[in-house]
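If you read the sequences in order, they're chains A and B. Under my numbering, the first residue of the first sequence is numbered 3, with each subsequent residue one higher. Under my numbering, the first residue of the second sequence is numbered -10, with each subsequent residue one higher.
No wet-lab data here; the hints were simulated from the structure. Errors might be hidden in some of the hints.
[As the list claims (entries may be wrong)] Only pairs whose alpha carbons sit at most 27 Å apart, straight line, appear in this in silico DSS-like list of lysine-lysine:
hint, chain 1, residue 1, chain 2, residue 2
1, B, K89, A, K24
2, A, K54, A, K42
3, B, K89, A, K42
4, B, K49, A, K43
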Amino acid sequence: DTAVSQTPKYLVTQMGNDKSIKCEQNLGHDTMYWYKQDSKKFLKIMFSYNNKELIINETVPNRFSPKSPDKAHLNLHINSLELGDSAVYFCASSQGGTEQQYFGPGTRLTVT
Amino acid sequence: GNSVTQMEGPVTLSEEAFLTINCTYTATGYPSLFWYVQYPGEGLQLLLKATKADDKGSNKGFEATYRKETTSFHLEKGSVQVSDSAVYFCALSNAGNNRKLIWGLGTSLAVNP
């Protein structure tokens, strides 16, 4: 049973397109996150939701919009994709304030 | 503010060599400290953690001790294996920080047979 799953695993698309990445966790956690990892492995927090409420919204272009339909799901929609959006996007979840985060396998987005 | 500084990689070792990856932090109060590992093509997973000063986290032969006096949480392993090749991230979590982990830049480790 996969704890944190993401779809799709790979996404190749052209500049200007709109795409979505989906994330689901079956751990019963109350907090979910989106991270962006660049080619140098630098990990940057983008968003976090706690009980469906947005609690972290880092400096991210407003082309990126997260949506949390329920505690177990956090989706990421990206409008007007740009070359610089190419990266691996990770979803993660946690329970409580300082507990460990559980990561999904990542979605490798390539914008051509 | 809170920050984490890790030694830069890549680190290349031969099998059975001793590993140290340095991590120092800046934080107010009493953060929890973590080491995460990312194997090739996978997401990050928790390797070990420590929640208070002088705690030692350990897992899979790796150890790290929470040193408040030196604000450090160095990762060590006595004898690395090829299967330890991965990227290692040091991170801290501070109460009242909106559940945000503060991440180091990651250190890539390659172990050669």
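To see whether the hints hold, each was checked on the structure:
Distance check on the hinted pair: B:K89 and A:K24 sit about 21 Å apart at the alpha-carbon level, within 27 Å; holds. Of the supplied pair hints, the one linking A:K54 and A:K42 is violated, its CA atoms being roughly 31 Å apart against a limit of 27 Å. Restraint check: the Cα-Cα separation between B:K89 and A:K42 comes to about 21 Å, which is no more than 27 Å; the hinted pair holds. The suggested pairing of B:K49 with A:K43 holds, with an alpha-carbon distance near 23 Å, which does not exceed 27 Å.
The earlier numbered hint that this structure contradicts is number 2, and it is the only one.
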